[in-house]
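Peer 1: Here is what each chain is made of, one letter per residue.
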Amino acid sequence: MASQYDRAITVFSPDGHLFQVEYAQEAVKKGSTVVGIRGTDIVVLGVEKKSVAKLQDERIVRKICALDDHVCMAFAGLTADARVVISRARVECQSHKLTVEDPVTVEYITRFIATLKQKYTQSNGRRPFGISALIVGFDNDGISRLYQTDPSGTYHAWKANAIGRSAKTVREFLEKNYTEDAVANDSEAIKLAIRALLEVVQSGGKNIELAIIRRKQPLKMFSAKEIELQVNETGKKEEEAKKKKSKKTA
Amino acid sequence: MRRAVELQFGREGVRAVMAATFFGEVVRAPCRAGTEDEEEEEEEGRRETPEDGEVRQQLARKREVRLLRRQAKTTLEVSLLEKYPCSKFIIAIGNNAVAFLSSFIMNSGVWEEVGCAKLWNEWCRTVDTTHLSPTEAFCVFYHLKSNPSVVLCQCSCYVAEDQQYQWLEKVFGSCPRKNMQVTILTCRHVTDYKTSESTSSLHTPFLKALKTQNAREPPCCSLLEQPNIVPGLPAAVLSYCQVWKISAILYLCYTDVMKLDLITAEAFKPVLSSRSLKGLVKNIPQSTEILKKLMTTNEIQSNIYT
Chain R
1 MASQYDRAIT VFSPDGHLFQ VEYAQEAVKK GSTVVGIRGT DIVVLGVEKK SVAKLQDERI
61 VRKICALDDH VCMAFAGLTA DARVVISRAR VECQSHKLTV EDPVTVEYIT RFIATLKQKY
121 TQSNGRRPFG ISALIVGFDN DGISRLYQTD PSGTYHAWKA NAIGRSAKTV REFLEKNYTE
181 DAVANDSEAI KLAIRALLEV VQSGGKNIEL AIIRRKQPLK MFSAKEIELQ VNETGKKEEE
241 AKKKKSKKTA
Chain B
1 MRRAVELQFG REGVRAVMAA TFFGEVVRAP CRAGTEDEEE EEEEGRRETP EDGEVRQQLA
61 RKREVRLLRR QAKTTLEVSL LEKYPCSKFI IAIGNNAVAF LSSFIMNSGV WEEVGCAKLW
121 NEWCRTVDTT HLSPTEAFCV FYHLKSNPSV VLCQCSCYVA EDQQYQWLEK VFGSCPRKNM
181 QVTILTCRHV TDYKTSESTS SLHTPFLKAL KTQNAREPPC CSLLEQPNIV PGLPAAVLSY
241 CQVWKISAIL YLCYTDVMKL DLITAEAFKP VLSSRSLKGL VKNIPQSTEI LKKLMTTNEI
301 QSNIYT
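If you read the sequences in order, they're chains R and B. Residue numbers for the first sequence follow the UniProt record's numbering, beginning at 1 and rising by one. Residue numbers for the second sequence follow the UniProt record's numbering, beginning at 1 and rising by one.
Only chain R is shown next, with the shape it has when bound in the complex (with noise of 0.2 Å):
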């Protein structure tokens, strides 16, 4: 039985299980959704916003940081292991550039997250993170990169992803809509964003945050009144394409 396997970290159940890595999975499933997008010049992320009590100061809560000048990442799960594991990859990058005198590579700052993560899961008395990340950003030679780290430490290069709540509804979605033509264009690949994340998101644009990062350009916030904007576009977009869906019926 799990219970006889899962209290210890360091403990293989019989069937080869390590329940406390999956369990910390099921932690990542309780934060808010997260949607990651790579575009030929440009990777967008966007994540649902966590509705904040009355008294709470709206600002501090967010998801989505930059790790240096040309790397963000967005995560989902326990608040406070991502800000340990942020801060950790903060230092690593500014380390790294001192050292070598070269910003970090995407991939380079994923795998030292992913290390760190795998660490965790087999250290006596501690506990893995119970977070997921998506990183993008664009390297030196100009191609976006889009990766997902998961509390185990593995780490894969994604062309879109999401991660959190109801990932599952919007990776299907993601599916079925991502082209690479449509993600071609910088517009369409915010929309396609934006679109994925409303599948889950309840009441629209007011409950989510997007980011870009252009090759070159450091990470853009989006505005709430910017994502309103390209929410409603998005809507007149789909209604238009409707309408002409059912000319061509009729």
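To be clear, the hints were calculated from the coordinates, so they are not data collected in a lab. Bear in mind the structure is a predicted one, so any value in this text is a computation, not a measurement. Mixed in with the good hints there might be a few duds.
[Stated by the list, open to error] Residues from chain B shown here face chain R by an in silico Cβ test under 10 Å; the list is partial:
hint: 1; residue: S198
hint: 2; residue: D256
hint: 3; residue: K292
hint: 4; residue: T296
hint: 5; residue: N303
hint: 6; residue: I304
hint: 7; residue: Y305
hint: 8; residue: T306
[Claimed, not checked] Below, simulated DSSO-like cross-link-like pairs (lysine-lysine); rule was C-alpha separation at most 27 Å, straight line:
hint: 9; chain 1: B; residue 1: K259; chain 2: R; residue 2: K168
hint: 10; chain 1: B; residue 1: K208; chain 2: R; residue 2: K30
hint: 11; chain 1: B; residue 1: K293; chain 2: R; residue 2: K50
hint: 12; chain 1: B; residue 1: K293; chain 2: R; residue 2: K29
hint: 13; chain 1: B; residue 1: K293; chain 2: R; residue 2: K49
For every residue, glycine included, the Cβ atom is placed at its ideal position computed from N, Cα and C.
For chain R, the structure is supplied; the task is to place chain B on it using the hints.
Peer 2: Chain B in isolation, oriented as in the chain R frame:
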């Protein structure tokens, strides 16, 4: 001298077994074979002071379960079901079961509060005896205005073992009616579920049922297998119904999230098709929305997950 010691030892030998511990000290271990002498001595030790008696009485008074008419703030003289006889009695115990009944049953009709149970124990302190807020632990009884023979109980407070029988007596009475259908909804953590299957193959949350011998309706899910047991108030109610030959069925939701959770509360949905609850639900999609709202208001206060 030696003889006196032997005699004394002899007496003590009857009274108590002298045990030698590992370190060689002699310890008096109690023995059930008693003599008159022994009883006297023990009584002397047991004899309590008046203060002890007072404290004991105060504690008993504090732990008393009282059934109040909330609006009138007076105690009910008879048991609740004697005052409000019913044909259907639905009890939700625990926050997820309460949330489910709140959203699906209570929002589909007009319910009038008929009473509340006030109790105190180490885990459940309802401080103010006159004003209850929805977030506090409470135990409230309602009946359907359009059909007063349907009574509902929302119990989100912990009823201690020594208080359960009092609760049952105050609610059911000492001679309850046999022709009523009792439905109990509650949750347990899945780690309490004993099974020979691997727990990773269990799809939590899931429902299991336990019913009395006189249960009239078939359960909406599979029965709880041995050697699983149900403790606490739900078990007390079911046992009471079994003893008094009342038709009762307990729906137990095994979940991995014991705090208020949407998926756990929704796991009770199959119960809506049971004979007792069928006529009581009107608009399921609207109820689902109400349940979601209830959950989000609760979640907003928590900042652990982002």
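Peer 1: Please flag the earlier hints that this structure goes against, numbers listed from lowest up.
Peer 2: Failing hints: none at all.
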